[in-house]
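Asks: Counting in our numbering, the sequence shown runs from 299 upward without gaps.
A portion of the hints provided could be inaccurate.
[Unchecked claim] Across the chosen pairs, the derived CB separations fall in these ranges:
| hint | residue 1 | residue 2 | range |
| --- | --- | --- | --- |
| 1 | ALA319 | ALA378 | 21 to 31 Å |
| 2 | ILE413 | TRP388 | 35 to 45 Å |
| 3 | ALA348 | LYS391 | 27 to 37 Å |
| 4 | PRO385 | VAL419 | 29 to 39 Å |
| 5 | MET389 | GLY418 | 28 to 38 Å |
| 6 | SER353 | LEU386 | 18 to 28 Å |
| 7 | VAL419 | ALA316 | 29 to 39 Å |
| 8 | HIS374 | VAL419 | 23 to 33 Å |
| 9 | ARG415 | PRO385 | 18 to 28 Å |
| 10 | SER392 | ALA316 | 14 to 24 Å |
| 11 | ALA396 | PRO351 | 32 to 42 Å |
| 12 | MET417 | ASP380 | 46 to 56 Å |
| 13 | GLY341 | PHE317 | 35 to 45 Å |
If you're looking for bench data, these hints aren't it; they were derived computationally from the structure.
Where a beta carbon is used, it is the ideal one built from N, C-alpha and C, also for glycine.
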Amino acid sequence: MIADLIGRQRPVSSSNNAFVAIGLWARRMSDRKLVGAEVAGFGGAVAVVALTPGSIEIALLATALGSLGLWGVTDHMFEARDRLAAPLRWMLKSFRFAIAAAGISAVILAGYALIGRLMGVFIL
């Protein structure tokens, strides 16, 4: 739950930030579902690239789904292990950030690729 300016709890669906909403959604998911998202996402991305190399948008979206699962599992590990040594906590935190950046980049690139495909060849 996220608190508003006067401290009331708001549901995740009313969050103004999509990244916060997705992060909270991933934190509530079980590890089994997150690993399933990982396997489906990264496996789907490899399959799309192998079978239809021209459909990069779908591969990027599948990569984003796999990144969501991997980020969620890493976040669960980070939150569950409070007594880890500082270097290990720093490494987990850095890995979690890198996975989030990769997933967000994959979604943005998929959007640009889809818009480029919809526009077609545009010559001034």
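Asks: All hints are to be evaluated individually against the structure, with a verdict given for each.
Replies: Evaluation of the provided hints:
1. Checked against the hint of 21 to 31 Å, the pair ALA319 and ALA378 passes, with Cβ atoms roughly 22 Å apart.
2. Range check, ILE413 to TRP388: about 38 Å between beta-carbon atoms, so the 35 to 45 Å window is met.
3. A hinted range of 27 to 37 Å for the beta carbons of ALA348 and LYS391 is consistent with their spacing of about 34 Å.
4. Checking the proposed 29 to 39 Å range against PRO385 and VAL419 shows it is violated: the Cβ atoms sit about 51 Å from each other.
5. A hinted range of 28 to 38 Å for the beta carbons of MET389 and GLY418 is inconsistent with their spacing of about 45 Å.
6. Roughly 39 Å separates the CB atoms of SER353 and LEU386, a value that falls outside the hinted 18 to 28 Å.
7. For the hinted restraint 29 to 39 Å between VAL419 and ALA316, the CB-CB distance of approximately 32 Å keeps it satisfied.
8. Taking 23 to 33 Å as the suggested C-beta distance range, the pair HIS374 and VAL419 does not conform, at roughly 46 Å.
9. Between ARG415 and PRO385 the beta carbons are some 44 Å apart, a value that contradicts the proposed interval 18 to 28 Å.
10. The hinted range of 14 to 24 Å is satisfied by SER392 and ALA316, whose Cβ atoms lie roughly 23 Å apart.
11. The beta-carbon spacing between ALA396 and PRO351, approximately 26 Å, falls outside the hinted interval of 32 to 42 Å.
12. A C-beta distance of roughly 50 Å is found between MET417 and ASP380, which places it inside the suggested range of 46 to 56 Å.
13. A hinted range of 35 to 45 Å is violated for the C-beta pair GLY341 and PHE317, which are about 25 Å apart.
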